[in-house]
Amino acid sequence: MRRLSWFNTVSLTLGFAFLYIPMLILIVYSFNGGKLVTVWSGFSTKWYGELFRNEAFLDAAWVTLKVAVVSSTIATVLGTMAAYVMVRAGRFRGRTLFSGMIYAPLVMPEVITGLSLLLLFIAIGLDRGVLTIVLAHTTFSMCYVSVVVSSRLVTFDQSLEEAALDLGCTGFEAFRLVTLPIIAPAVISGWLLAFTLSLDDLVIASFTSGPSSTTLPIKIFSAVRLGVSPEINALSTIMITLVAVGVIGASLSSKRTIAKRAKDEQEAIQ
Amino acid sequence: MSDAAIATAPAEFAPWEDAQATPLIRFQNVTKRFGDFTAIDNLTIDIYEREFFALLGPSGCGKTTMMRMLGGFETQTEGTILIDGQDVAPVPPNKRAVNMMFQSYALFPHLSVAENIAFGLKRDKMPKDQIAARVDEMLNLVQLGKFANRKPHQISGGQRQRVALARSLAKAPKLLLLDEPLGALDKKLRQDTQFELMDIQETTGTTFVIVTHDQEEAMTVASRIAVMDHGKIIQVDTPAKIYEEPGSVYVADFIGDVNLIEGSVTKSGDDHATISWAEGQQDLIGIAHDEIPAGTRATLAIRPEKVNISTERPADMTNIIHGKVLDIAYLGNMSTYVIETPTGQHIKAQAANTRRIRRRAITWEQEVWLSFTDTAGVVLTS
Amino acid sequence: MKRFGLISVPYLWLLALFLVPFLIVLKISLSDTALAIPPYTPTLDLSAGWAGVREWLSGLDMENFTWLTEDDLYWKAYLSSLKIAVLSTIFTLLVGFPIAYGMSRAPDEWRPTLMMLIILPFWTSFLIRVYAWKAILSQEGFLNQLLMGIGIINEPLTILNTNTAVYIGIVYTYLPFMVLPIYAALERLDESLLEAAEDLGCSRLTAFWLITLPLSKQGVIAGSFLVFIPAMGEFVIPSLLGGSKTLMIGKVLYEEFFANRDWPVASAVAVILLLILIIPIVLFQRNEEKQREAGK
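First to last, the sequence lines map onto chains B, V and R.
Residue numbering for the first sequence follows the working numbering, starting at 1 and increasing by one per position.
Residue numbering for the second sequence follows the working numbering, starting at 1 and increasing by one per position.
Residue numbering for the third sequence follows the working numbering, starting at 1 and increasing by one per position.
It is worth saying that the hints were derived from the structure and are not from the lab.
Just so you know, these numbers come straight off a predicted model, no measurement behind them.
Check the hints yourself; a few may be wrong.
Examples of chain B residues lying across from chain R (beta carbon under 7 Å, computed) [stated by the list, open to error]: (1) T38; (2) P109; (3) D200; (4) L202.
Calculated cross-link-like contacts (lysine-lysine; reagent style BS3-like; alpha-carbon spacing at most 27 Å) [unchecked claim]: (5) K217(R) <-> K151(V); (6) K217(R) <-> K122(V); (7) K146(V) <-> K128(V); (8) K125(V) <-> K95(V); (9) K83(R) <-> K151(V); (10) K241(V) <-> K306(V); (11) K125(V) <-> K174(V); (12) K348(V) <-> K267(V); (13) K187(V) <-> K324(V).
Backbone N, C-alpha and C define an ideal beta-carbon position, used for all residues, glycine too.
This is chain B alone, in the form it adopts within the complex:
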């Protein structure tokens, strides 16, 4: 029924053009035949070939993936625990400090987080490598997970858990059988968020990685610092496509779930 005014149409069009044109250019020019990235010289997929032959990139990608999977999984467990503590544990000594430590990393400049973790690892004599990046990533992404999960827990009806206890569950069973399935979507999006943050992170990884554990963002950064390279365009295109497929797929499936639920509810009424 509602129509957009010309002003809103223009601002939305310009806004989304601003957001998407740079990425489109990147994608289009990843299929450029020439070495120059601003002059079109015919369609080619040769940069993708180059990319897949570049072992340094492949190694870095493998390290990044390992770090992301491990750190986001640990972060999800810790973050969910932290969210549960924040929402359900009530008062305990040091609660203020705890919530401060949950929220502070969200707004802490990455350079400071990176620097402080590096100084810690040096102080305790831990050699920099995959382990230190995992520790660093887990720490900041568990805070994001706990924010996502606690926002779901806040709206969670506590009487469901009480009902489970009333029906004979132990506390942990009530969590596993009732709470967890209900907050699962939030836990999953927390994991995805942690995973993406870890994949993307450049600054903290630069501080905490060692010579043998270069991650993909570090590799990309050192390559593009000097200029534009068509190989990076190809790599970017692959990453953008993966994310786009993931996000669009997730939003379609959630749309379908909502539509199905609405339909079920409608049918239940009739």
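Chain B is fixed; fit chains V and R onto it per the hints.
This is chains V and R only, laid out in the frame that chain B set:
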């Protein structure tokens, strides 16, 4: 229900019966379509000054669209709407001498009660001291003087409703539109507020058009009710007329409780019609202003409270139905009896509980006779 | 007992990997630079017992902070970061508000799609999104090609490696952070409020000014902090898009640490950056709490 029907506006106020009176609002062949959907279908109606006019109907019947067209938030697809003789189609909402009280109240959450009431006055560039005086006047009208500096979320639902009313009345509009004004209040508060609304309407002399789906509310407050369905007005009349002499089965069924007895017309004329309706039962007579050809299918609509119930066959009643008691609902002041006829139809009768419950004569499964006069029911063909 | 376990695991993790590292930064910022490994003195020698602690404490001083105030490179870097963060927050607001407003006015069935389109870049690599602008803003880049093609300019503009490029980069990468909270505030806004304002005599423009703007204030504040706080410590954008003259504190800190290996000074720079950011962070938290209470 019958109490509400009695408590309408004074009988002498009836401009719609006066051929000389000029209406304040005229809808002339107005149609409003949203895409394929016709919300208002070729509607013509006049509303007069100082009326308390109710648009009554189920959701989606077009009553809200009609009100929004008066407010200037929708424009009709076809036809003309005149307010005070002026075609209002080109007039935007902010230039109309019409104010609206929104269903959600639409109180500005960042402004205090007094600032909300002053909002429209400020837009009119009224001098400051006059605004203050008018705000005080409105706060007194709705008895909220103490709450002037509170924010909307700091007052109760009933108080918010009154602020919304005060705000929309502050500019002294010719016409006030009320969109389900009492919908968000609980039942007790709603009843009190209905009388308050009527008082305020009378004191300010403003024309009120109210949209509601609550028939009791419409009966209580309105001078006239327009019953709507599917974008059309089915009947416009005073509450008493709508209740006592509904023009169609739809209206009879929509307002209050009713028995609908279907049959075929055997005799008609002299403001009455007779229908034969079931084997072994005698024919029933009801009011019919127009003559109906014999053999036409028709429905006798009769209100339960107009049906007498007795354990013996009454001697001097025109309409008598025989059956046995299927169900009794005790409502305190009265009881409703559901009677099943030998042919399986269910008919309701109501009786006031003037005796204590233990002494009541009628009980389940008992054979009873229902009776009513020849002017108690109406015979309807549509 | 179980509750204790539940609390203590994440608690200890954060203590060890968030609070302790930060205390180490604070401590090193008070130490002196040394040509050693680790490159600072004094180091705490616990084997020497109390005397060691006392000696260590006496070695700490405010020298690095004095040094920061004396060398105007740091002053300029802080001020320039502040200026860039403030200005780019304003630019982001100017770009983001109309988008959020347009989204909130869009037909209901479009909104999930528009929402997804705003969030999608957020999931895409930050680094790649910044990098995308290099090819657009360079001398031979697409922007210059376009502008010269339609005849607005004759000479290519120098945008890449200037502060202008940094502004563009910040606006571009942080736009979703601005749009989302404003959209959330505008979406909550009951349309009947605007109709009521019009009904009471407002034109559309005054209704926007008197109703829409005040009621989206919380969203604007939240969005501005979400852009300002990270922009202040930004490192990637100034290093990729900014020039040698672009001074931003995040970049200075990074270079101080890696290029100059001056850990104490880098730590002192970090401590001061955090002190500067504490005020907006606290204000932001307070705004969030206010919003949460208003939502109840």
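The hints, checked one at a time:
no., hint, result
1, T38, "5 Å, holds"
2, P109, "3 Å, holds"
3, D200, "5 Å, holds"
4, L202, "6 Å, holds"
5, K217(R) <-> K151(V), "17 Å, holds"
6, K217(R) <-> K122(V), "22 Å, holds"
7, K146(V) <-> K128(V), "21 Å, holds"
8, K125(V) <-> K95(V), "14 Å, holds"
9, K83(R) <-> K151(V), "38 Å, violated"
10, K241(V) <-> K306(V), "15 Å, holds"
11, K125(V) <-> K174(V), "19 Å, holds"
12, K348(V) <-> K267(V), "25 Å, holds"
13, K187(V) <-> K324(V), "35 Å, violated"
Comparing the model with each earlier hint shows violations of hints 9, 13; every other hint is respected.
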